[in-house]
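**Student:** All chains should be built: construct the whole structure from the sequences, respecting the hints.
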Amino acid sequence: MQKYQRRLLISGSLITFSLLLVLPQYLTGGVILGEDFLFHYNRFYDAAMQIKTGNFHYFISTYGFQQSGRIVNALYGPLFAYFQGGLVLLAKTWYNYQMLSRLVLNLIASFSMYALLRTVHIKARVAVTLSCFYLTTFCIQYWTLRQGFTSWGAAFTPLALIPAFKYAETHELNAIKLACCVSLLLQVHVLSTVFLVLTYLPFFGYGLITSPTRKKDILKLVIAISLFLILTLNVWTVLLAVTSSNNLILPFTNKHMYLYSITERSMYWLFTPIPLALIIIALIYISFKFWHNYSPLLKITTGTFFTFLLLSTSLFPWYFITKYKIKMLEIFQFPFRFFVIPTILACVLCGTILSKQLSKHHFRIIYPILCLLVLVGFIQTMLLLNNRYERWLTHNDPIKDESTFVFDTRSTTKIRNSLYSTNLAELLSLVQKKTPDYLPSYHDNKKGNYDLYEYFIIWPSDYFTKTVSKNKLIITWYGDKKEPISVPVIKYDKTSLVLNNKKLTKHQYELSDIGTPVVMQHAGKNRLVVSYNIGSWFNFVLVITLLTWLICLLYLCYNRFKLTKRYMLTPKIKLPH
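One gets this note's numbering by counting positions in the sequence shown from 1 and adding 4 to each.
The hints are all genuine.
List time: in silico DSS-like cross-link candidates among lysine-lysine, alpha-carbon distance up to 30 Å: (1) K470 with K510; (2) K506 with K476; (3) K418 with K96; (4) K470 with K486.
Quick list of the computed label-pair ranges, beta carbon to beta carbon: (5) P300 with N563: 25 to 31 Å; (6) G209 with I330: 22 to 28 Å; (7) F565 with F310: 36 to 42 Å.
To be clear, the hints were calculated from the coordinates, so they are not data collected in a lab.
Quick reminder that beta carbons are idealized off the backbone N, C-alpha and C, glycines included.
**Tutor:** Okay, structure coming up:
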């Protein structure tokens, strides 16, 4: 009974801290809108409306992104987008969604970090303290302050690192758990999965070298990789299918990568909160001084920590990578993204030193200092958030005027009110973003795609009526006479266009540089039906993916139930008084 009370206390502590971070937003009614909010809110609105109406279309956007028929969610965390869409429906307003999504993020991140810290045998109270501290770092607050989706990857990454630490320490390897961890992260955030796999390399490399059952372990890894491919069929098959038949516009190449490192313009990653920088400095000093006393696992963890820390700074030659256009590394865009791994490993190293390396006397001195640092971090984060909420409520221009934003109104009152309105589409029509990611590119397009999206999609949309019926996007308009007209919808290779009940062949329309079709309208009402015909094979892929997830989750739940039952049935030995 005492063990369950302890677990309840731990869970209660993590839940309470997660709620405390969201409480100021509830009390003030403030909202923070960063540069990425429109991209992700359009994604989740599209998924939410599909769930609400039952008009599902896995590929093209039929509700979000100006109902333009562009492909986004299918290439960017598809299943997790529907999870976020469910949160949007539960919240009913964007203001409520901000609070709900932040709470869910905090809970996932804190319990994920706690699970990792306990896996590496860190004392429970230290693990709880560091898990709470993790929530105050910019890795997690990135979603709150800028709607950066890296935070969601950062929330799941500690959980996904557990198999690596277990294998490096004890050579314990569960192929199903490993596959589920990596697959889950890929369903959430692709780039975080890349960082995870890079982090795995030293841990699994060391584990394989020292394993007495190397051949069995390699077989288990092959099984895990095979299962991973099945669990993520819906991701990589779609990626291959869409990219093989279309020349997609990829996210922009950052020509000044070195400026977006934690030692240049993005220092806030290092100093949010300030105690994080102090912990990292202390870890650097301790590592150099006591390296010879470190266990192999601690050395691997420290080495990985330093490697990713270096990659997140301008000390790494990011300038030359962009200068010589090394595509393999340009995909990372912002070096500060590497800092997620050092932040997580800093918590692991700090907890390990406190729990294992210190005597009881030193622990009693150092642990209160750690608690004080966490308190300072909490206060700093709360002050930062309150400052942003106050700006939202009092500033004449609550949304930073990004160059990629297109405002339908300059009325701050209208924009503010739309955040509290149950009409979720209102905000997305008042403020729009000309983001060209994943659009098709035609005619060897070298033009400014941001401006092309504004010209061909955003501005003309008001002259057309767009509805959704039977999983298809229907666009109607009235023409004065028979003449060519550009319709604000995106045409990919597999996109089907049916104009006035006649399916168009490729000779019956022309395409702009970003794939908007020019069709021949007739006088009076015109009706264009848009759908995406990927082929019947995808239904099979989706069913296999979902069924495999269900079987794996049932297996993991059954295993957990067996362990719990075994613990309950084990007789407890009472010691004599």
